[in-house]
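Protein chains: 6
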Amino acid sequence: MSRYEKGKEVLEGIQDRSVEEIFKDLDDIAPDLSRFVVEFPYSEIYTRKEVDLKTRELCTVAALTVLGTVPQLKDHINAALNVGNSPVEVVEIIMQMCAYAGFPKAINGVVAAKEVFDERGLLQSGD
Amino acid sequence: MSRYEKGKEVLEGIQDRSVEEIFKDLDDIAPDLSRFVVEFPYSEIYTRKEVDLKTRELCTVAALTVLGTVPQLKDHINAALNVGNSPVEVVEIIMQMCAYAGFPKAINGVVAAKEVFDERGLLQSGD
Amino acid sequence: MSRYEKGKEVLEGIQDRSVEEIFKDLDDIAPDLSRFVVEFPYSEIYTRKEVDLKTRELCTVAALTVLGTVPQLKDHINAALNVGNSPVEVVEIIMQMCAYAGFPKAINGVVAAKEVFDERGLLQSGD
Amino acid sequence: MSRYEKGKEVLEGIQDRSVEEIFKDLDDIAPDLSRFVVEFPYSEIYTRKEVDLKTRELCTVAALTVLGTVPQLKDHINAALNVGNSPVEVVEIIMQMCAYAGFPKAINGVVAAKEVFDERGLLQSGD
Amino acid sequence: MSRYEKGKEVLEGIQDRSVEEIFKDLDDIAPDLSRFVVEFPYSEIYTRKEVDLKTRELCTVAALTVLGTVPQLKDHINAALNVGNSPVEVVEIIMQMCAYAGFPKAINGVVAAKEVFDERGLLQSGD
Amino acid sequence: MSRYEKGKEVLEGIQDRSVEEIFKDLDDIAPDLSRFVVEFPYSEIYTRKEVDLKTRELCTVAALTVLGTVPQLKDHINAALNVGNSPVEVVEIIMQMCAYAGFPKAINGVVAAKEVFDERGLLQSGD
Numbered sequence: 001m002s003r004y005e006k007g008k009e010v011l012e013g014i015q016d017r018s019v020e021e022i023f024k025d026l027d028d029i030a031p032d033l034s035r036f037v038v039e040f041p042y043s044e045i046y047t048r049k050e051v052d053l054k055t056r057e058l059c060t061v062a063a064l065t066v067l068g069t070v071p072q073l074k075d076h077i078n079a080a081l082n083v084g085n086s087p088v089e090v091v092e093i094i095m096q097m098c099a100y101a102g103f104p105k106a107i108n109g110v111v112a113a114k115e116v117f118d119e120r121g122l123l124q125s126g127d
Numbered sequence: 128m129s130r131y132e133k134g135k136e137v138l139e140g141i142q143d144r145s146v147e148e149i150f151k152d153l154d155d156i157a158p159d160l161s162r163f164v165v166e167f168p169y170s171e172i173y174t175r176k177e178v179d180l181k182t183r184e185l186c187t188v189a190a191l192t193v194l195g196t197v198p199q200l201k202d203h204i205n206a207a208l209n210v211g212n213s214p215v216e217v218v219e220i221i222m223q224m225c226a227y228a229g230f231p232k233a234i235n236g237v238v239a240a241k242e243v244f245d246e247r248g249l250l251q252s253g254d
Numbered sequence: 255m256s257r258y259e260k261g262k263e264v265l266e267g268i269q270d271r272s273v274e275e276i277f278k279d280l281d282d283i284a285p286d287l288s289r290f291v292v293e294f295p296y297s298e299i300y301t302r303k304e305v306d307l308k309t310r311e312l313c314t315v316a317a318l319t320v321l322g323t324v325p326q327l328k329d330h331i332n333a334a335l336n337v338g339n340s341p342v343e344v345v346e347i348i349m350q351m352c353a354y355a356g357f358p359k360a361i362n363g364v365v366a367a368k369e370v371f372d373e374r375g376l377l378q379s380g381d
Numbered sequence: 382m383s384r385y386e387k388g389k390e391v392l393e394g395i396q397d398r399s400v401e402e403i404f405k406d407l408d409d410i411a412p413d414l415s416r417f418v419v420e421f422p423y424s425e426i427y428t429r430k431e432v433d434l435k436t437r438e439l440c441t442v443a444a445l446t447v448l449g450t451v452p453q454l455k456d457h458i459n460a461a462l463n464v465g466n467s468p469v470e471v472v473e474i475i476m477q478m479c480a481y482a483g484f485p486k487a488i489n490g491v492v493a494a495k496e497v498f499d500e501r502g503l504l505q506s507g508d
Numbered sequence: 509m510s511r512y513e514k515g516k517e518v519l520e521g522i523q524d525r526s527v528e529e530i531f532k533d534l535d536d537i538a539p540d541l542s543r544f545v546v547e548f549p550y551s552e553i554y555t556r557k558e559v560d561l562k563t564r565e566l567c568t569v570a571a572l573t574v575l576g577t578v579p580q581l582k583d584h585i586n587a588a589l590n591v592g593n594s595p596v597e598v599v600e601i602i603m604q605m606c607a608y609a610g611f612p613k614a615i616n617g618v619v620a621a622k623e624v625f626d627e628r629g630l631l632q633s634g635d
Numbered sequence: 636m637s638r639y640e641k642g643k644e645v646l647e648g649i650q651d652r653s654v655e656e657i658f659k660d661l662d663d664i665a666p667d668l669s670r671f672v673v674e675f676p677y678s679e680i681y682t683r684k685e686v687d688l689k690t691r692e693l694c695t696v697a698a699l700t701v702l703g704t705v706p707q708l709k710d711h712i713n714a715a716l717n718v719g720n721s722p723v724e725v726v727e728i729i730m731q732m733c734a735y736a737g738f739p740k741a742i743n744g745v746v747a748a749k750e751v752f753d754e755r756g757l758l759q760s761g762d
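Protein chains in written order, with the working numbering: chain A, 1 to 127; chain B, 128 to 254; chain C, 255 to 381; chain D, 382 to 508; chain E, 509 to 635; chain F, 636 to 762.
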């Protein structure tokens, strides 16, 4: 299996979407950037056995909360849920970031989580 | 038990040092900042049961690698090892950050880990 | 008075809104994060007498301009005005940040201030 | 020619818009900030002969991709094209930033470029 | 008085050092950068009457604590003291930043303050 | 030629050092991170023809000045000189960053450049 095929399988498994859907904004002007994402982090990092996917995705949620890059944070909140984290665990780690990156980043991270949970139908009855 | 006593117990357990040692640089000019660290994150966040300490500390290592604050990163690499992460797991998560915060932050994080491992005698014979 | 009650009084006084309104986005998925904001910075930092509220809020506006977290910047521009800073003082400190964090952050901060001033009816007739 | 007149000429040349248009959001509440932008970077930095405008603007695109300040990034993507960079060169440098600031910043930079290219009619028929 | 002379007077007054001393690291390779600092922020921002120097310098200390640029933070802690802030006020604002930029930045800011206070002989008897 | 061999050739050519020397700090605890640097940015980005190496390295210097990661900034100042930029061009781009990331980052970048120039014997007679 090529690096691309291996990364595509991992990425599509984690995100539960096709790579065409994931990269629809990039593919007409920077297709190689999409390819790099598939071939490098998904083919070569997320496939390593040293840490399981559930923990990897929580750590990525922590990192993206600190960075404040909302579109990617939402993608990885979805991914974190897809690989076995509960909504409570995801929110907990975002909250924890208030100690390291301040309350604004933690609050904005929780707002992003709420949007994802809402899209997944996880906020019901009276929310 | 007061908030301070509870946080002190958790922090000293995680860091395997006394709070006096941990905050020796702060206590003569900002003792209340040390107290805040004990009473807020350690008493009120790290005591929560939603996520275990092993995972919390890995997420904190991820966050501090992204932030690039070396003294705190080294403290939490120590903490991550103390609560049950292996050196391999710690390095793996720091490496993973290259995809989210770039290679410079990941490389500087690994250099910090190497210093911690060396201080703990984990780099031996021919390393 | 409990830590929560004390922080609530301070926060509602500064923001001139109820905590329910302030945290309406967080309360269904991360109510403890709202509680932390009330109990820690508002109950334990903003109540300290070492620096007055007017100066504290200007410093927070400076910090949030640098961080670029717009929702919180807008909240604290409102707060800065509520505790006695003039619109001119607020804009002046945001402008000053161009020297420390570059023009983009200063410009985006001024745009946030303009939105707040507009919501408060401070931009009138020919402005 | 005054510092302002010199900077205005350079800025309007690079941006292909009048200063009134460029600073329409700032001029009613922070006109001096607009003036600083004209008189300092455009009059005193972009006029220097040590590096040509084409290279300067690519370096600014790199910096703003890292900073993630989208409105200014879009302005300078436009500027980079106006002073002689091709769309391919601009996208290439934004992509390169994935190695230094991570994939999220690079992806958000490419999305900004796509918006600019679209506004300029550079994404056509089947792109 | 030229812009340079005006800025030099303000900067030397605030820092209580000559510009030659302040910029000794820059003058052989980037003398124009030193000149920009004198002519732009010190001549054109710090001279404005909208906010007094005491408040300006506290806001700058807040910003530099968030940015984590230690040499400049130490310069401005000195400046903040020189223009009338007490050591307690300076430490208080640095501590306040824990809520906005996290504990690591606040702790590193306090450590920088301690070094400055020590150099000024403000940490005595038993410290 | 394998991805590794291609990246090694490019990296060693740009840095004028062997990969063993470049990664001596990483190789005993994170050899795969070194390999990723060789195989991804050097094999797959710096080899692309869309932008020449001279411009790529200046853009990287801009990015690293903004990020403030000094060890990597120094490596890329060296690289920028090795691929044909003059010391004046490198300093000019670092200075330009004062407008986008503030004076502290620009000043710290120039100090890094001075250290590199000194190591290369470029600061002579009276410096």
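Don't read these hints as lab results, they were simulated from the structure.
We treat Cβ as the ideally placed atom computed from N, Cα and C, and that holds for glycine.
A hint or two may mislead.
[What the hints assert, rightly or not] Taking beta-carbon pairs under 7 Å as the criterion, some of the chain E residues facing chain C (in silico):
| hint | residue |
| --- | --- |
| 1 | Met509 |
| 2 | Ile601 |
| 3 | Gln604 |
Against the structure, the hints come out as follows:
For Met509 (chain E), the interface hint is violated, the least distance from its beta-carbon to any beta-carbon of chain C being 21 Å, above 7 Å. Here the hint on Ile601 (chain E) is kept, as its CB sits about 5 Å from the closest CB of chain C, short of 7 Å. The beta carbon of Gln604 (chain E) comes within 6 Å of a beta carbon in chain C, closer than 7 Å, and the hint placing it at the interface holds.
Going down the numbered hints, you'll see the structure goes against just number 1.
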